[in-house]
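**Student:** Generate the whole structure from the sequences, applying the supplied hints.
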Amino acid sequence: MFIVKNKNIFLWISAILVVASIIPIALFGLNLGTDFKGGTIVEIAYGQDAPSKDEVMSRVVSAGVESSSIQTAGTNGYLIKMKPISEDQRVVLISSLSGATMATSSASSTATSAQVAGFQVKRFSTIGPSVGAELAEKGMIALGGVALLIIIFIAFAFRQVSRPVSSWKYGLMAVVALIHDVTIPTGVFAYLGHFYGTEIDALFLTALLTILALSVSDTIVVFDRIRENLRNKISNSFEETVGISLDETITRSLITSMTVILVLLALLFFGSPSTRDFALVLAIGMFFGTYSSIFLASPLLVTAYNRQETKRLKK
Amino acid sequence: MTKIRVWALLLLIIGLSIGYFDYYSEKAPVDSAFNKPFKLGLDLRGGSQLTYRADVAKIKPDQVGEAMTSLRTVIERRVNSLGLSEASVQTEQTSIGLKENRLIIEIPGVMDVNEAVKQINKTPLLDFRTERPDGPEKVAIVKAQEELLARIKTAGTSSPDLLAGADPLAFEDANFVPSGLTGQYLSRAILELGAGVSLGPTIGIEFNSEGAQKFGEITKANVNKKVGIFLDGELISAPVVREEIKDGKAQISGQFTMDEAKSLVRDLNLGALPVPVQLISTQTVGATLGQEAFDKGVMATLYGFLLIAAFMIIWYRLPGLVSVVSLSIYLSIMIALFKLIPITLTAGGIAGLILSIGIAVDANVLIFERMKEELKRGKTVHNAIEDGFARAWTSIRDSNISTIISASILYWFGTAMIKGFALNLIFGVTISMFTAVVLSRTFLLSISPADISLNRFLFSGGFSSGKKSVDNEQLTVNYKNKS
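Residue numbers (my numbering), protein chains in the order written: chain A, 1 to 315; chain B, 1 to 483.
Mixed in with the good hints, there may be bad ones.
[To be verified] Listed next, the stretches of chain A that the computed footprint assigns to chain B, with coverage defined by at least 3 CB atoms under 8 Å from CB atoms of chain B: (1) 129-141; (2) 255-265; (3) 287-300.
[To be verified] The list that follows gives simulated cross-link-like pairs (lysine to aspartate or glutamate, DMTMM-like), each with its CA atoms no further than 20 Å apart: (4) K376/B <-> E228/A; (5) K419/B <-> D277/A; (6) K169/A <-> D398/B; (7) K233/A <-> E373/B; (8) K37/A <-> E100/B; (9) K226/B <-> E131/B; (10) K419/B <-> D201/A.
Think of the hints as simulated: they come from the structure by calculation, not from any bench. Glycine included, every Cβ here is placed at the ideal spot set by N, Cα and C.
**Tutor:** The following block contains the structure:
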């Protein structure tokens, strides 16, 4: 009952968190990676004598390629980003980076491999802008599609509980909670993107979609209990029913979320670097997802009910 | 009681054998039937992926599918001819925005794709065109071309902006119209010497049956007119048609040197492109990076599993232990599925597997929490187990369905890595429903001991001690919740 009695406090906290997340997004924008904007990424590693950053930069320039950023990656490596380049340019670039004396662009490919001992191209990716734009579009549709399907699914699953609050309202509250769940990690990453250069790539969108799914599962667990208690008429007051349901399910919600966060921590600390940011987004999302299932979705239901009743009594 | 115990034992043995299979399939000698290593995606194995866009503007819409299939075959042959037998070539049609037809080539183990790209660039584009009749269309094109030329002359150069702003008609061929007969209908090409009008080498081509039919129609409709033979967009020969050719054979006699003719014959036989292609994206991953990603993925899975196992046992005590056993069997089943289907493993796929472990355990948590409640209500241990499972099922089912819905949409949306993640999530969630409900329940019921307070303690979890908070014994109502 504690949660429901103090629902206004919790609703305010959520509102503040969401606004606090929107601010970085509005101020800094989203640092979209090459998955969406197109572009080239080259990750290289040298053997013992790695050239300095400036030296690497000059090699890039002498290959005739315009780079947009060079970061260090690992002990002897660099991560270079630039606009999309053609296959011929790639050959020239790799050759130049490896330290070989500049040959013409028709140099045979065998000459480029391991010119300087220990040099290796760890990975290379060039994505044309059309591919990127398509992914971005698909991503938006996927987000919208999932949200819509979830409303429909919840309204359907809870269709027999139309009193006292109609079933589509359950769906609506779940979606409000989802918006909260998705905005906060995005805000965090807008902040990280601006100050640390963290990029938003296709995996980020994947994480958001997964958060939607898991958070809604959690919300369903709570709603399911409300449904059962309503059916068994454990109380005459809707507010009390919700409150009791929350008390009953809070342990379970916390634990199920905690198990997922535990595995995500394992992925974050022990997993491959390519999935590290992904694990971070998911962990943040799960945490706030649980928060929203317990402290947001259900209190919102009570608020909706109260509004509904005030309107009804006024007639 | 015995029946349940027998089942439990049976399931345990099956689970153990699956686990053993997983282990053995890694260690078995290479030629044994049991040697089933993981099928690794590019990001775990190292290799390259090339994405080409096919330009189908000049093909009728209903022929696009056929053209893409033949494109795929031609490119595959070419890539294989380089000795890259493990390469895979696939077509894909993007479904949103600009409708694009794409070709995706994956070459595991090869970092330097330059050779492959060069080879693909060498694939000839062969098409046959008929004369454009004199008329307003032709006049308009000629006019546009003259206009463009004049503009280039005054500007001094032909800058990209100039070309972009020009009338598109200027780029059409004033003299020839595509006929729909392209290199995809070729069945073979041979080198001929001294045949035909010129003394140099000529290339005899034979069409397949469909091509022969098309060629027959074209020649019939164009007697005494020229048919233009275009190679890579350039006119190489424009013989005049004397009569309808029904046998599907023709000769290309351009000004070829011997070497040119030979390589053209070879290229044509490897396959001629039905449509032009353009490289739009390249990705390569080094083998060391791939290995690192794989090793770390395995570590993360292991640690994730251990963390969960530790928590479950500490918090849920005896049922927790049972859930760890179910979870181990779940993991074994998943790994076996990866090997047997086989499912291509990517870094994203591993993330999906790890996440599914977290979700799999949730089903158990839901059930155990329910059991705790039933124990508090005064039910016997046995009844608490039965009711716990019965009542938790609807929650489990509904929350997993939403995960499956989202994962399905993810599968549609994403790149290979994301598809791997989504697929593993769907499999994982589905199978975990089985292991949690069937396995855990069977094991728990088979242990199902007498209703004494020690057992009540062992069967509750967290801070609960299992004492009855309600004094009266309730009648067991075993019902399935209908939603």
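**Student:** Now look at each hint and say whether the structure bears it out.
**Tutor:** Results for each hint:
no. : hint              : verdict
1   : 129-141           : holds (count 9)
2   : 255-265           : holds (count 10)
3   : 287-300           : violated (count 0)
4   : K376/B <-> E228/A : 18 Å, holds
5   : K419/B <-> D277/A : 18 Å, holds
6   : K169/A <-> D398/B : 18 Å, holds
7   : K233/A <-> E373/B : 18 Å, holds
8   : K37/A <-> E100/B  : 18 Å, holds
9   : K226/B <-> E131/B : 6 Å, holds
10  : K419/B <-> D201/A : 15 Å, holds
Of the hints listed earlier, the one the structure fails to meet is number 3.
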